[in-house]
Amino acid sequence: MIVKPKIGIFGLTGCSGEQIVILNCEDELLDIAGAVDIRAFHTATSDNDEEGPLDIAFVEGSVVKPEEVELLKKIRKRAKLLVAIGTCATCGGIPAMHNELAREELCKAVYGGNGDCFETIPPQPLRTFVKVDYAISGCPMEKEDFLRAIPMLLHGDLPLLPNYAVCTECKMRENECLLVTRGQLCLGPLTQAGCNARCPGYGVACCGCRGPVDEANVASEVKILQEKGFTLVDVHNALRTFAAPAQALQAELVRGKNE
Amino acid sequence: MSTSIVIDHLCRIEGHGGIIVEIKNGKATRVHMDILEGTRFFEALLKGRIYSEVPAIVSRICSICSGVHTITSQLAVEDAFGVKVSRQTTLLRDLFLQGGNIESHALHVFCLALPDYLGYSGAIAMAADHPDKVKLGLELKKIGNTVQEVVGGRAVHPVNTVVGGFGKVPSAAELRELRAQLVAGMDLAQKAVDFMATLETPRFTESPTVYAALRPADGSFSLVGEQICLSTGEVFPTHDYRKVCNEFVVKHSHSKHSMYKGQPFMVGALARLMINGKALTGKAKEAAERLGLNTFTENIFHNNTAQVVELVYSLEHSIALIDELLQAGIKQEKPAAVELRAGQGTGAAEAPRGILYHSYSFDDKGRLTSADVIAPTSQNAANIEKDMRVAVERLASEPKEVLAHKLEMVARAYDPCLSCSVHLVDLGNG
Numbered sequence: 003m004i005v006k007p008k009i010g011i012f013g014l015t016g017c018s019g020e021q022i023v024i025l026n027c028e029d030e031l032l033d034i035a036g037a038v039d040i041r042a043f044h045t046a047t048s049d050n051d052e053e054g055p056l057d058i059a060f061v062e063g064s065v066v067k068p069e070e071v072e073l074l075k076k077i078r079k080r081a082k083l084l085v086a087i088g089t090c091a092t093c094g095g096i097p098a099m100h101n102e103l104a105r106e107e108l109c110k111a112v113y114g115g116n117g118d119c120f121e122t123i124p125p126q127p128l129r130t131f132v133k134v135d136y137a138i139s140g141c142p143m144e145k146e147d148f149l150r151a152i153p154m155l156l157h158g159d160l161p162l163l164p165n166y167a168v169c170t171e172c173k174m175r176e177n178e179c180l181l182v183t184r185g186q187l188c189l190g191p192l193t194q195a196g197c198n199a200r201c202p203g204y205g206v207a208c209c210g211c212r213g214p215v216d217e218a219n220v221a222s223e224v225k226i227l228q229e230k231g232f233t234l235v236d237v238h239n240a241l242r243t244f245a246a247p248a249q250a251l252q253a254e255l256v257r258g259k260n261e
Numbered sequence: 051m052s053t054s055i056v057i058d059h060l061c062r063i064e065g066h067g068g069i070i071v072e073i074k075n076g077k078a079t080r081v082h083m084d085i086l087e088g089t090r091f092f093e094a095l096l097k098g099r100i101y102s103e104v105p106a107i108v109s110r111i112c113s114i115c116s117g118v119h120t121i122t123s124q125l126a127v128e129d130a131f132g133v134k135v136s137r138q139t140t141l142l143r144d145l146f147l148q149g150g151n152i153e154s155h156a157l158h159v160f161c162l163a164l165p166d167y168l169g170y171s172g173a174i175a176m177a178a179d180h181p182d183k184v185k186l187g188l189e190l191k192k193i194g195n196t197v198q199e200v201v202g203g204r205a206v207h208p209v210n211t212v213v214g215g216f217g218k219v220p221s222a223a224e225l226r227e228l229r230a231q232l233v234a235g236m237d238l239a240q241k242a243v244d245f246m247a248t249l250e251t252p253r254f255t256e257s258p259t260v261y262a263a264l265r266p267a268d269g270s271f272s273l274v275g276e277q278i279c280l281s282t283g284e285v286f287p288t289h290d291y292r293k294v295c296n297e298f299v300v301k302h303s304h305s306k307h308s309m310y311k312g313q314p315f316m317v318g319a320l321a322r323l324m325i326n327g328k329a330l331t332g333k334a335k336e337a338a339e340r341l342g343l344n345t346f347t348e349n350i351f352h353n354n355t356a357q358v359v360e361l362v363y364s365l366e367h368s369i370a371l372i373d374e375l376l377q378a379g380i381k382q383e384k385p386a387a388v389e390l391r392a393g394q395g396t397g398a399a400e401a402p403r404g405i406l407y408h409s410y411s412f413d414d415k416g417r418l419t420s421a422d423v424i425a426p427t428s429q430n431a432a433n434i435e436k437d438m439r440v441a442v443e444r445l446a447s448e449p450k451e452v453l454a455h456k457l458e459m460v461a462r463a464y465d466p467c468l469s470c471s472v473h474l475v476d477l478g479n480g
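Going down the list, the sequences are from chains B and W.
Adding 2 to a residue's 1-based position in the first sequence gives its number in the numbering used here.
Adding 50 to a residue's 1-based position in the second sequence gives its number in the numbering used here.
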């Protein structure tokens, strides 16, 4: 009897976008389910194994509660490979946009006097707490990135992701440059490619939802945007939207705060 | 004699939550659906943002209904600045919302709820014995996603829908191709109706229920509308949504609860059918008659049946929308211009799970100063607990495991979306 690889799909705090992207693989879902042994997937099944070993754990969402830190560590212990899926898991995502604000104050603002009963910590990506073996970014991740990764991960390989910016993909599509010719606040030059320049393809500026590309020249982009007339506040708001905890952006955000 | 039922993790719903029930001498002394989704404090993320950034940020409240969050947000922004969009934009938005409705209902009925009816832990386990049912659901779901991709640029977190219109208008050829898929979908939806007609609907939660749904000025069956209609006969303009949703914080849940005149109420597919069902036409009307939803029901399990009727409606209506778009001649047009002014605006639309409200205030530079988002599951939360209480008291003598499973079924019947329910935004004008 063939022993199928054991997979777990987990969600921390987020919009469940990555789990929905997996469920949106309508043509492939039953094949995937046949090729692996899905041990945990709370959104799709009531039959979940909470303890046993896993070959791969896919984890989406950011960590915003103390018990999520514990859950994440437990998943890490169970799994040979831990794969962060989606920008919340890889870069903190939208929930981490304003980690400089005090959580207690936010609680009070939303829940009033009853807010003090909810435990919450500043949202963080998974790598703050555990070793992450592989990361698929995106808000949400591209279905193709997931489908390509599955067989390679099962064979013990870590698939390569593009190490160039969305700008490059935009050029390959021969799109009009929204930053240069239309003067829009486009984060294409800084953002990890892999979406085939999805938004600029619709004439909509890149909002940086896949997080910063390696060696992103953040200072230069900020300078260009300021020259185009955008205020530092607006540029920083755009930068911090999806990946504020990312190192490349943190340096700029801290600099901006000190200026 | 007292006993308690604790379900730590509700499965096959979107998000994180549990159920705690305490029973004493056959009476439910405590019935809590705990919504324990981590807090994300969207209000802090929105404050000070330029109006054009707001819809993309709020779409991240939820993935399944990111489309309707985006559109409702755009409606609220446009209301605040007095922006009038073109007829073409209105039709395309309607089409986009129908795509979300198809995707969400197909996912819920076939992958999340149906396993309860047939005795499986989930769709994947069910696929071993009933591959045709699961494939039927997945095929319908895919059509809904294709609509969202063609019109919105992506199935989750759309990129092409912007304030005032669309980044790029789909071409006539793309719409014709989509139409062919929708026509094929009508046959699939008919199969879904035939199958649903064979299932027996559980009745253990039947109890008096107040429904609320939107209605447009022309009285048609729609996912948008300017009026909130209640099954009590009362009607409010959408701007007065706070008169219907009197939100308050409950200690056991990260989601606020809503009550109308001190009583829980229900929103969603069943509420839409009970309030506007008479306006259905064509195959959708036939489906409602066939499935017995042309008469008033207070059985929440009929929500799954209502979702099947709406699958037919959304497919049929999508085809009609495309026909109108093609007949008028689809044209590339720029989004309507926005003239900034200080103001306040409200948007409302029917998400798959019920009415969704977004309301914002902006300063004269177009920066957001306050926001309020009320999602359908937070409106339904009190009603879910009401139905669980009814179930507990009717089934108190059943073994604990059986009762626990039935309580999960009650929660699932509402198709709750816990990510949406907890990430309310409420600042400034609360």
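Everything labelled a hint here was simulated from the structure, so no lab data went into it.
Among the hints, erroneous ones may be present.
[Claimed, not checked] In silico lysine to any residue, SDA-like type, Cα no more than 20 Å apart, as pairs:
| hint | chain 1 | residue 1 | chain 2 | residue 2 |
| --- | --- | --- | --- | --- |
| 1 | B | K67 | W | H59 |
| 2 | W | K218 | B | L180 |
| 3 | W | K301 | B | Y113 |
| 4 | B | K110 | W | T419 |
| 5 | W | K381 | B | G205 |
| 6 | B | K67 | W | D84 |
| 7 | W | K384 | B | E178 |
| 8 | W | K185 | B | K76 |
| 9 | B | K67 | B | L103 |
| 10 | W | K415 | B | K8 |
| 11 | B | K76 | B | V134 |
| 12 | B | K8 | B | R150 |
| 13 | W | K218 | B | E178 |
Checklist entry - Which numbered conditions among the earlier hints are violated in the structure presented, ordered from lowest to highest? => result Numbers 8 and 10 - these are the hints that the structure violates, sorted from lowest upward.
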